[in-house]
Amino acid sequence: MSRYEWIVGFAVMAVLLALPSIADMADEPFWVTLVARTLVVGIGAIGLNLVLGYGGMVSFGHAAYVGIGAYVVGIGFHHYFEDGYEWMNNGWIQLVAALGISGLAALVIGAICLRTRGVYFIMITLAFAQMVYFVFVGLDIYGGDDGLSLYEMPTFGGGATLGDDRDLYYVAWVAMAGSLFLVHRLINARFGMVIRGAKSNDRRMKAIGFPTYRYRLTAFALSGMICGLSGFLTANLTEFVSPDMMHWTRSGDLIIMVVLGGMGTLFGPVYGALAFLLVEELLSAFFQLWRLWFGPLLILVVLFARGGIVGLLKGRVGRNG
Amino acid sequence: MNWILLVEQVLNGVQLGLLLFLLAAGLTLVFGIMDLVNLAHGSLYMIGAFIAASLTQLTGSFVIAAILTLPATMLVGMAVEVLCLRTLYDRDHLDQVLATFGLILFADDFVQLVWGPAGMDIRLPEFLRTSFEILPGVVYPTYRVAIIVVGLAVAAFLYFLVARTRIGMLIRAGASNREMVGALGVNIRLLFTLIFGLGAMMAGLAGLMAGPILTVQIGMGNDILILAFVVIVIGGIGSIRGAFVAALIVGLIDTVGRAFLPEILGLFVGQLAADTAAPSISSMMSYLLMAVILAFRPEGLFPPRSG
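Going down the list, the sequences are from chains B and D. Here the first sequence is numbered in our numbering, starting from 1 and rising by one per residue. Here the second sequence is numbered in our numbering, starting from 1001 and rising by one per residue.
These are computed hints drawn from the structure, not numbers from a lab. Bear in mind that the values here come from a model prediction, so they are computed numbers and not experimental data. A portion of the hints provided could be inaccurate.
Said to hold, decoys possible - Derived DEER-like restraints, expressed as beta-carbon distance ranges:
| no. | chain 1 | residue 1 | chain 2 | residue 2 | range |
| --- | --- | --- | --- | --- | --- |
| 1 | B | Val15 | D | Pro1117 | 32 to 42 Å |
| 2 | B | Phe181 | D | Pro1117 | 37 to 47 Å |
| 3 | D | Ala1146 | B | Glu82 | 43 to 53 Å |
| 4 | D | Glu1126 | B | Tyr85 | 57 to 67 Å |
Stated by the list, open to error - Computed from the model, here is a short list of chain D residues facing chain B with C-beta under 7 Å:
| no. | residue |
| --- | --- |
| 5 | Val1037 |
| 6 | His1093 |
| 7 | Leu1105 |
| 8 | Leu1113 |
| 9 | Trp1115 |
| 10 | Phe1229 |
| 11 | Val1230 |
| 12 | Ser1280 |
Ideal placement from N, C-alpha and C gives every residue a C-beta, glycine not left out.
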């Protein structure tokens, strides 16, 4: 990464950190909620970027792990509320469970999916995500199709919750910075070299003696965990979980964010998430049917701006950007 | 478990399987020959259903509407191919997935713009609203029988087209080596547009036939599309025969599973637990099947011979 990219990345993160104060000054408290949504979704995009951008694994099912993370919060609340299990509404326990279960799900699903290649991989990750989706649609005790509303927020000891959007905003910022740091360290370690090497030539990496399957699977599970973190925060933000969060079109949104920002770049997913939600917000302010414009816009981006926003920053617009 | 219900469910399964085949055949033709992943195939199915619903209201006859819907969806498909997909053939699969995902977003809102947010019903003519005894004691709706007959006829036609005609020869040749077919003087661009139109027409046919049974609504293509993908992945991408077999398997498993899983599960666990778990499990079954098949045969049941 060039120094220029680092400066822009840090500048964006700094602006995001200062945003609640800016919103105060501008007297627009709505901004905080809006950008908090970007942060929590962006964490999911950072997770997906680890496999999609660096590993070249086009997973079309990452919304499932986001959903699992969110449902841990929803299910915890449900049993606390209905059955009085106090510990199940403990935010720390939920956080650990959200990371653990989404990581485990990604490990199991990834173990099967990574046996396949190319377009089969796209399809099978998609199908597994649909499977998870239908599990939750069918689970009537957790609201089935309609989902669960969280009337009370999980507590983090001493009555602290993430119910206040401003608290949540800062926590999400820290989580995002943490995820970026983790991805940066992973990618520049030997581990990252192997998955990046396997992206460009898997057979050669195997020939050198790296068990690339295990490396890819680890990356897949880690990316599932980051998505689980995103889901955990999303549930705290929206105070609602539903199977809709895992619908395959949500996975498509995550891919769009990663590609829009710049695949396989550290800050790309952050820019992508910001751009995605900004465009959505702007278009939907002007048009009721905003996707009528967003769809063709997406096609144009795919056709003409392959490097995404990071590619534009580098000044190299074009297919191989 | 009574056998009349079983026969009915098996017929329903075959019927869903044939609808899935119509969708999957178009998907797999386009993928096998042009190497294009088209997520917007479900949108063509939806548009077919909406066009059929409108034409039925306009002409007052479902049969006339059905006959007009086929060329209409073919034209829509060819227009989409020329305007948007043509540039995507030499891109990687991710680009194709994204661009066709953009098409889905566009199509869903476009349909809402033209037809409004509410769904539509397709009214069947009198002679299709009857039912008759197909086996002693088994009464089955005429329209559903018609779907099965049409589905089988299309499958036979497609087999004939691909295996026995000059167009089919070019399709098969195009699947193995595009450049060579082009070098031999075949207008490959036109051929691709025609194949895409053919796929779109079959998707439209599936949409118009499903319309009277399900409601015609926005997003109706998005979930059945994934099931069609499951079908072509199980069957082996690019293989029409694989798509046919896999579509019937998936249709049967889905339908029969939904009908009998609560009873079957009830034999092993308590009836209450079975009733709770059955809906989840039965909608997962096709996906589970796919996972199991891919775990053993990563290329599907009938991988196409050419690479």
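Hints versus structure:
| no. | hint | result |
| --- | --- | --- |
| 1 | B/Val15 / D/Pro1117: 32 to 42 Å | holds, 38 Å |
| 2 | B/Phe181 / D/Pro1117: 37 to 47 Å | holds, 45 Å |
| 3 | D/Ala1146 / B/Glu82: 43 to 53 Å | holds, 49 Å |
| 4 | D/Glu1126 / B/Tyr85: 57 to 67 Å | holds, 59 Å |
| 5 | Val1037 | holds, 6 Å |
| 6 | His1093 | holds, 5 Å |
| 7 | Leu1105 | holds, 4 Å |
| 8 | Leu1113 | holds, 6 Å |
| 9 | Trp1115 | violated, 12 Å |
| 10 | Phe1229 | holds, 5 Å |
| 11 | Val1230 | holds, 5 Å |
| 12 | Ser1280 | holds, 3 Å |
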